[in-house]
Amino acid sequence: MSNGEVLIQGGRVLDATGERAADVRVVDGAIAEVGPALAPTTGATVLDAEGCVTTPGLVDIQVHFREPGREDSETIETGSRAAALGGCTAVVCMPNTDPPIDDAAVVQSVLDRARAVGLCDVRPAGCITKGRLGEELAPLGELYDLGVRVFTDDGDCVADALVMRHAFEYAAMLPGALLAQHAEDPALVRGGHMHEGAWSARLGIPGRPAVAESTIVARDLQLAKRTGGRYHVLHLSCAASAALVRAAKADGVRVTAECTPQHLVLTDEACAHFDPAFKMNPPLREQADVDALRTALVDGTIDAIATDHAPHTHESKDVPFEDAPPGMLGVETALAVVLTTLVEPGILTLAQAIGALSWRPARVVGLDAVGHGGPIAAGSPANLCVIDPAQTWSVDGARLASKSRNTPWDGWKLTGKVRHTIYRGLPTVRDNEPTR
Amino acid sequence: MMQHLLSVDDLGGRAGIESMLDLTDSFLEVMQRDIPKVPALRGKTVVSLFYEDSTRTRLSFETAAKRLSADTMTFSVSNSSVNKGESLLDTVQTIDAMGVDAIVVRHAAAGAPHRVASWSSARVINAGDGCHEHPTQALLDAFTLRRHRGPSLDGCRIAIVGDVRHSRVARSNVKAFHALGCELTLVGPPTLMPERLDGWPVAVTSDLDHVLPDVDVVYLLRIQRERLGQALFPTLREYAARWGLSAERAARCKPDTLVMHPGPMNRGIEISGEVADSTRSLVTEQVGNGVAVRMAVLWALLGSGGPIV
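Chains as they are written, first to last, in the working numbering: chain A, 1 to 436; chain B, 1 to 309.
Source of the hints: derived by calculation from the structure; they are not laboratory data.
None of these values were measured; they are calculated from a predicted model.
Don't be surprised by glycine CBs; every beta carbon is placed ideally from N, CA and C.
Check each hint, because a few of them may be wrong.
Among chain A residues calculated to face chain B with C-beta under 7 angstroms, some are [to be verified]:
#1 Glu142
#2 Asp145
#3 Ala201
#4 Ile205
#5 Pro320
#6 Asp323
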């Protein structure tokens with residue numbers, strides 16, 4: 001039996017303060033010692049980290065765990081296990097469940113279930129509006145009192161400018177709360193199924209134009225400036241939105257933004273064979289947008305990489321493209337995709353990549369205050385991820401821990417894998433395998 | 001060797017399209033016999049799987065299959081288990097289990113026939129998928145035009161007029177006519193043109209009167225009345241006034257300019273009755289040639305490769 005000590009031995013340590021060769025001793029859930037050549041005490045659990053990098057646990061601030069309501073596609077348990085395998089120690093789950101997370105009782109049930117599962121911190125986001133209908137405010141204060149900091153109607157855009165303005169004004173009294181927008185004007189995307197561009201015109205698939213996103217982002221930034229509210233752009237996908245956020249940050253607007261690995265790597269051309277695995281909202285865009293997102297990530301305009309992990313049953317996805325629900329898995333593959341497509345070619349440094357996957361998103365949603373995103377230093381809660389940057393593997397949708405298999409990366413050969421994940425001092429993943 | 005006909009791209013460029021048109025010539029000859037039927041596909045089964053209303057295309061395929069002595073089955077949505085919530089996948093697997101040789105699919109979603117092809121061991125023919133393609137329409141149009149302007153269509157100037165954005169006929173015809181050397185101009189209000197034209201070998205204008213004196217063919221697309229509520233153009237009256245081919249407009253065309261339309265026509269909107277019934281009009285001939293073209297396609301996909309007999 002373990003004596004409560006976990007020793008991560010033989011690797012390097014990387015956090016927001018820098019990188020150095022060091023072992024990490026964890027005792028009773030907290031980091032006890034960080035330094036070279038630490039020796040295990042008798043009964044300690046020793047995790048080999050030779051050739052690996054120990055980082056703060058990853059923090060995915062946009063996942064859909066589908067519970068309550070669609071447990072056939074994902075549960076808090078299967079989603080948490082997938083997150084742990086992806087190196088996460090904390091996630092923010094979106095409130096478009098059934099019933100939606102617009103009520104204190106639903107928040108409590110998600111928190112209780114997540115605690116019982118115990119594989120990572122699962123922080124529910126709350127709805128901005130009741131029933132996600134975009135009309136009346138959800139009880140933001142009641143949800144806030146249960147710990148909710150992110151409010152969003154994700155899946156749907158809060159289209160009514162007055163409702164959004166009032167939400168900004170009301171949320172301003174709740175310190176640390178932010179409004180996260182799924183920025184797609186519903187009128188401009190009505191009936192659309194993929195990015196409106198050369199490929200949609202060729203394929204005859206009705207489009208969802210980038211301008212549907214950037215007009216909402218522009219409007220919301222004006223409202224955020226006017227009200228002083230905090231604003232977060234979920235899955236920012238196009239060049240125009242990135243430019244707006246960049247300018248707003250320079251102007252002092254309290255704005256943050258995230259983008260997904262798929263929007264950083266794939267384009268609308270992926271839809272050319274009508275495969276619903278590549279359908280999501282906002283849609284995969286064009287190379288110019290991919291390039292702009294990468295630039296925005298490097299220059300800090302985009303704060304975080306979040307996956308929008310969106311499981312769907314095989315039955316619901318194995319239909320014609322236009323009939324399929326939007327969404328892709330992501331939480332289990334995000335790190336490896338980023339390492340393979342952005343770090344290995346030199347677009348991002350490893351520190352930039354881990355920053356965007358860990359400490360920066362932790363700060364966006366306030367999870368840094370409860371021990372996520374580092375630093376890796378004595379006294380900090382032990383939420384850690386040990387990455388083997390050289391391990392190669394192939395993605396097989398059917399073998400992912402998620403209950404669904406709608407990954408856009410099926411068949412991809414990736415370099416870099418999570419070897420161990422330590423959540424609250426205990427391994428949830430050890431040598432690539434979930435511990436339970 | 002073509003496995004499926006999902007898109008004009010599957011025909012293999014100019015050479016592939018031309019050989020399909022040559023094959024159609026043979027079947028047009030069959031259709032003119034006293035008994036217009038050959039045993040070429042005896043023992044083969046062709047299923048029509050139609051998720052959208054269609055009279056002419058379905059009848060055309062079924063007539064083509066019967067004239068090749070194939071057995072035919074029709075699976076239409078109104079009287080099938082689809083109304084009981086059966087998925088497209090289950091429907092296709094059910095049909096597949098009966099051992100059919102070809103499935104002719106029409107569906108409101110672009111790419112649906114591609115999905116059917118991935119699920120079935122049968123050959124799949126796209127009879128129209130959403131706003132994507134309608135390859136046999138393009139073949140019958142090219143065949144019809146070749147009989148009047150052929151054997152080569154190189155340099156033939158064609159104006160495609162109307163709702164190109166939402167038209168599967170236009171997407172297939174642009175590919176086929178371009179492959180055969182035609183020069184194409186899309187004409188209509190900007191709201192009915194494709195949002196992006198990267199890679200489209202076409203010119204675009206909203207001024208029909210400007211292009212009419214120069215073109216050899218005016219190809220009119222059907223205006224779908226369900227588009228009226230979408231603020232794409234103001235009224236049918238304004239549409240007809242600007243883009244309808246009236247007798248007066250037709251008179252400004254060259255004497256030998258031809259008029260085509262995939263049907264069904266909205267007389268008085270995109271085409272006047274007088275023009276539709278004039279000697280310029282190939283509309284009825286298009287329908288007749290449709291059967292021969294579909295015989296050729298079925299035979300190319302299912303035939304032995306031997307003589308037609």
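Cross-check of the supplied hints:
1. The interface hint given for A/Glu142 is broken, as the beta carbon of that residue sits about 39 angstroms from the closest beta carbon of chain B, more than 7 angstroms.
2. About 43 angstroms separates the beta-carbon of A/Asp145 from the nearest beta-carbon of chain B, more than 7 angstroms, and the hint is not met.
3. The beta carbon of A/Ala201 is positioned within 7 angstroms of a beta carbon in chain B (closest approach about 4 angstroms), and the interface hint is therefore held.
4. For A/Ile205, the shortest C-beta to C-beta distance to chain B is roughly 5 angstroms, which falls under 7 angstroms, so the interface hint holds.
5. For the restraint placing A/Pro320 at the interface with chain B, the shortest Cβ-Cβ distance is roughly 4 angstroms, inside the 7 angstroms limit, so the hint holds.
6. The interface hint given for A/Asp323 is met, as the beta carbon of that residue sits about 5 angstroms from the closest beta carbon of chain B, less than 7 angstroms.
The earlier numbered hints that this structure contradicts are 1 and 2.
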